[in-house]
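Protein chains in written order, with numbering that gives the first Met the number 0: chain P, 0 to 184; chain G, 0 to 184; chain C, 0 to 184.
By construction, these hints were calculated from the structure, which means they are not laboratory data. Be careful, since some hints might not be right.
It does not matter which identical chain is used: a pair holds within one copy or between any two.
[To be verified] Heads up, simulated DSS-like pairs for lysine-lysine below, C-alpha to C-alpha not over 30 Å straight-line:
id : residue 1 : residue 2
1  : 85        : 19
2  : 75        : 85
3  : 60        : 103
4  : 27        : 85
5  : 103       : 123
6  : 27        : 60
7  : 75        : 27
8  : 103       : 27
9  : 69        : 103
10 : 85        : 103
11 : 135       : 123
12 : 75        : 60
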Amino acid sequence: MGTIIIAGIPGAGKTTVIGKAREEVSVKFVNYGDLMFEAARSRGDVTNRDEIRSLPLDLQKAIQIDAAEKIERMGKVVVDTHCTIKTPKGFLPGLPVWVLERIKPEVIVLVEAYPSEIVERRAKDQTRIREKVAFKEIEEHQLMNRISAMSYAVLTGATVKIISNHNHSLMECVRDLVRIIEKGD
Amino acid sequence: MGTIIIAGIPGAGKTTVIGKAREEVSVKFVNYGDLMFEAARSRGDVTNRDEIRSLPLDLQKAIQIDAAEKIERMGKVVVDTHCTIKTPKGFLPGLPVWVLERIKPEVIVLVEAYPSEIVERRAKDQTRIREKVAFKEIEEHQLMNRISAMSYAVLTGATVKIISNHNHSLMECVRDLVRIIEKGD
Amino acid sequence: MGTIIIAGIPGAGKTTVIGKAREEVSVKFVNYGDLMFEAARSRGDVTNRDEIRSLPLDLQKAIQIDAAEKIERMGKVVVDTHCTIKTPKGFLPGLPVWVLERIKPEVIVLVEAYPSEIVERRAKDQTRIREKVAFKEIEEHQLMNRISAMSYAVLTGATVKIISNHNHSLMECVRDLVRIIEKGD
Numbered sequence: 000m001g002t003i004i005i006a007g008i009p010g011a012g013k014t015t016v017i018g019k020a021r022e023e024v025s026v027k028f029v030n031y032g033d034l035m036f037e038a039a040r041s042r043g044d045v046t047n048r049d050e051i052r053s054l055p056l057d058l059q060k061a062i063q064i065d066a067a068e069k070i071e072r073m074g075k076v077v078v079d080t081h082c083t084i085k086t087p088k089g090f091l092p093g094l095p096v097w098v099l100e101r102i103k104p105e106v107i108v109l110v111e112a113y114p115s116e117i118v119e120r121r122a123k124d125q126t127r128i129r130e131k132v133a134f135k136e137i138e139e140h141q142l143m144n145r146i147s148a149m150s151y152a153v154l155t156g157a158t159v160k161i162i163s164n165h166n167h168s169l170m171e172c173v174r175d176l177v178r179i180i181e182k183g184d
Numbered sequence: 000m001g002t003i004i005i006a007g008i009p010g011a012g013k014t015t016v017i018g019k020a021r022e023e024v025s026v027k028f029v030n031y032g033d034l035m036f037e038a039a040r041s042r043g044d045v046t047n048r049d050e051i052r053s054l055p056l057d058l059q060k061a062i063q064i065d066a067a068e069k070i071e072r073m074g075k076v077v078v079d080t081h082c083t084i085k086t087p088k089g090f091l092p093g094l095p096v097w098v099l100e101r102i103k104p105e106v107i108v109l110v111e112a113y114p115s116e117i118v119e120r121r122a123k124d125q126t127r128i129r130e131k132v133a134f135k136e137i138e139e140h141q142l143m144n145r146i147s148a149m150s151y152a153v154l155t156g157a158t159v160k161i162i163s164n165h166n167h168s169l170m171e172c173v174r175d176l177v178r179i180i181e182k183g184d
Numbered sequence: 000m001g002t003i004i005i006a007g008i009p010g011a012g013k014t015t016v017i018g019k020a021r022e023e024v025s026v027k028f029v030n031y032g033d034l035m036f037e038a039a040r041s042r043g044d045v046t047n048r049d050e051i052r053s054l055p056l057d058l059q060k061a062i063q064i065d066a067a068e069k070i071e072r073m074g075k076v077v078v079d080t081h082c083t084i085k086t087p088k089g090f091l092p093g094l095p096v097w098v099l100e101r102i103k104p105e106v107i108v109l110v111e112a113y114p115s116e117i118v119e120r121r122a123k124d125q126t127r128i129r130e131k132v133a134f135k136e137i138e139e140h141q142l143m144n145r146i147s148a149m150s151y152a153v154l155t156g157a158t159v160k161i162i163s164n165h166n167h168s169l170m171e172c173v174r175d176l177v178r179i180i181e182k183g184d
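So that you can see chain P by itself, here it is in the shape it has in the complex:
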């Protein structure tokens, strides 16, 4: 069994699901953003994470590749990352082709929830933009994640597994993830 990617938009509950799953499996989890930051810092390019996005595109690409090669050398691992990142310039693919061909994922897991649930979860953190706009934007972001995940799959042969993390069903979602990690089906 190869590398597993886990992604989900803010409020889908990815971090909670991963936290619970780690209690049940022995496989290593890594955060792709952390690895990118490490790679960028050790190259002397940045001193904090937010600076990465301001670097020239060629340099960002080199950092992405450094981090991907590190994952490649790890063997079986679960990578916590983003399918697409919502930026002011639009949806940025988290795993462009030069990252994919190094990570070679076997399964891409998307943690999803209903837009209404995500609006509600986000509202607990802070006061937010109008609910109706938020709802539409969440639908849009989850769609763009499905699309990019399936695109990644076509290029790598990975499967795309959608697991639902609805209110009051966290443990079912965790069980689905653990099953994928442990048995590969």
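Position chains G and C against the provided structure of chain P, taking the given hints into account.
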């Protein structure tokens, strides 16, 4: 005119539509799953179809390539296959890039129907999971098929043609398919 | 900042938005269809635009590449084009991989509107097919555009920016586009 791919989820009526279309055109139809099984059996890897999915991934890839090369040598042909296969590990792309670059499709035809129609057609075969879940899952699978088809198109330049096989309009659907096969438009 | 692609289906208002944006920025705009026609005509392949689609596929591909290489040599430019073209054979990707690897877009902007708005705008031009069919087809085409745009992004690392051009909010849409062109965010 090059190779035409036809795909559709269970219950969309792909087999019926293909059966009717074959009565009207002279072009050769092949089933990609059959060709994969033949390739696997002649390599001595399996004795029945279901064993293919349990083989190591590298071997599955070699079998996919064998079958795709066979199609490549056939000239104009209609390939009956799946855009994505729903597995316990998620949606598996039926035509990953190493298959696409050999088959080089010119048109990818998706046979679709309303989720309500597909639920109903499937129910005729067997008692099934709750209708509401089924409805959502069918919508999801048809979406993942559209996404993978369009991804295939970007890599090959093929067109993606959606033809609707709604209740009581089978012959319109067949006519659409025949038109694509015969005239290329 | 690199090349920006702008696409949108008929009735989304792409041309109007581009017209307004050009009044505010100094960057060069080109139309990909025009460049393809120029390339085809100077090769002696066609005398009018409509002939291009009837040429053998290899020749169409060569013309697409000629036009893409011209854009490549232009430096920063905004390219007015289509994500997918709706043809009788299905949705044709406007930017297949051999075009993408030359244009190397940095942002892909999709101009969208509600299907109801697009139906209404199209109706002003001519009498049209039944509204309900049109609505469904518009939704489908906008979805296929999002899918192809995200596929393009995975292959190039571009972002996909959706900007809404709703009735009575043209200037907000123009402002969004100008911001992307000028500042890259």
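Check each numbered hint from earlier against the structure, then list the numbers of those it violates in ascending order. 5
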